[in-house]
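Participant: This note's numbering puts the sequence shown at residues 2 to 223.
It should be emphasised that the hints constitute simulated quantities derived from the structure, not laboratory data.
Check before you lean on any hint, since a few could be wrong.
Stated by the list, open to error - Computed cross-link-like contacts, DMTMM-like style, restricted to lysine to aspartate or glutamate with a CA-CA straight-line distance of at most 25 Å: (1) Lys178 with Glu74; (2) Lys56 with Glu74; (3) Lys169 with Glu194; (4) Lys169 with Asp217.
To be verified - Derived CB-CB ranges, DEER-like: (5) Glu139 with Met76: 20 to 28 Å; (6) Thr77 with Arg160: 19 to 27 Å; (7) Gln118 with Arg160: 38 to 46 Å; (8) Arg184 with Ala206: 32 to 40 Å; (9) Thr57 with Ala93: 35 to 43 Å; (10) Ile144 with Ala213: 33 to 41 Å; (11) Gly163 with Val203: 14 to 22 Å; (12) Thr122 with Ser196: 15 to 23 Å; (13) Ile216 with Thr79: 38 to 46 Å; (14) Lys72 with Ile171: 20 to 28 Å; (15) Ala96 with Met222: 31 to 39 Å; (16) Arg184 with Leu128: 36 to 44 Å; (17) Leu130 with Ser67: 21 to 29 Å; (18) Phe97 with Ile216: 32 to 40 Å.
All residues carry an ideal CB built from backbone N, CA and C; glycine is no exception.
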Amino acid sequence: MFLSEITEQHLCLLCGIKLNPHARTDAGAITKIHVRVFGATFLEEESDEKGSFIKTGVVQFGLGVSLSPVKIERMTTTKVLPVEDDKSKGMAPLAFRIVSYGLYAMPFFINATAAQQTRCTKKDIELLLRLIPYAYSESASYIRPQVGIRHAFYVEHNRARGTFNDFKIIEALTPVKINEDGRAAVSWKDYDEASLRESIAVLNAQLAGKAAPVIDLMEQMS
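Turn these sequences into a full structure, and let the hints steer you where they fit.
Facilitator: Okay, structure coming up:
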C-alpha cells in the first residue's frame with residue numbers, strides 16, 4: 002500500500018511512468034512486460050478456441066481513498082486547446098477544481114498464483130517495486146505538478162496464497178489523524194506518525210514466521 006500526498010493546491014490522479022523520449026525503446030517488449038504484470042484484458046482479441054481466456058493480471062491497484070475530508074477550491078484558467086471548432090482557446094469560469102491538501106491511501110496486491118497464466122517473473126515484480134516511488138514525480142503535469150508518495154509500504158507473504166490477513170495489514174499501515182474533528186487536514190503533521198510507527202512495529206511482530214517485515218519502498222530509492 003502506498004500513501005500519496007498532495008500539497009497546496011494540486012489535484013491527485015493516478016498516473017503511469019513517463020518514458021524517456023530519447024531512449025531507444027522496444028514497444029513490443031514494453032507490451033510484453035505490461036501483459037505479464039497487469040494482464041491482457043484489453044490487449045487480447047476474442048478467440049473461438051476452447052480453453053482460451055482473457056488473462057487477469059498479477060498486480061492489482063486499488064482506488065486512492067482520502068483519509069480525511071479535503072478542501073476543494075475553484076479557479077478560472079484559460080484552456081489553450083480549442084473548446085469549439087471556430088475558437089483557438091477558451092475559458093471556463095470556476096471550472097478548475099483543486100485540492101489544497103490531501104492524503105490518499107492506495108492498496109495494491111500481487112497475486113502470485115496468477116503469475117503462471119501471464120508468465121510474470123520475480124524480475125518483473127522487482128522492476129515494478131523499483132518504479133513505484135517515481136510514479137508521480139516522473140509524470141508531473143499542469144494538473145498535478147506536486148503529488149508525491151509519502152510512504153510505499155510492502156509486505157511479502159511466505160507462500161503464494163498468502164499467510165496473513167491482507168485487511169489487517171492495510172489497517173495497520175493506514176495513518177489516523179491526531180484530532181478526529183471531521184475537518185480537512187492541512188499537512189502531514191495533522192496525522193499521528195508516532196502511532197503509525199508503533200502500529201508497524203506491532204504488525205511486524207504478528208508477521209513473524211508468516212511474512213517478511215514491512216518495508217518502505219521510498220527508503221530504498223537509488
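Participant: Each of the hints needs a verdict: does it hold here or not?
Facilitator: To see whether the hints hold, each was checked on the structure:
no. : hint                           : verdict
1   : Lys178 with Glu74              : 22 Å, holds
2   : Lys56 with Glu74               : 42 Å, violated
3   : Lys169 with Glu194             : 18 Å, holds
4   : Lys169 with Asp217             : 17 Å, holds
5   : Glu139 with Met76: 20 to 28 Å  : 26 Å, holds
6   : Thr77 with Arg160: 19 to 27 Å  : 55 Å, violated
7   : Gln118 with Arg160: 38 to 46 Å : 18 Å, violated
8   : Arg184 with Ala206: 32 to 40 Å : 34 Å, holds
9   : Thr57 with Ala93: 35 to 43 Å   : 39 Å, holds
10  : Ile144 with Ala213: 33 to 41 Å : 37 Å, holds
11  : Gly163 with Val203: 14 to 22 Å : 20 Å, holds
12  : Thr122 with Ser196: 15 to 23 Å : 38 Å, violated
13  : Ile216 with Thr79: 38 to 46 Å  : 45 Å, holds
14  : Lys72 with Ile171: 20 to 28 Å  : 26 Å, holds
15  : Ala96 with Met222: 31 to 39 Å  : 36 Å, holds
16  : Arg184 with Leu128: 36 to 44 Å : 40 Å, holds
17  : Leu130 with Ser67: 21 to 29 Å  : 25 Å, holds
18  : Phe97 with Ile216: 32 to 40 Å  : 38 Å, holds
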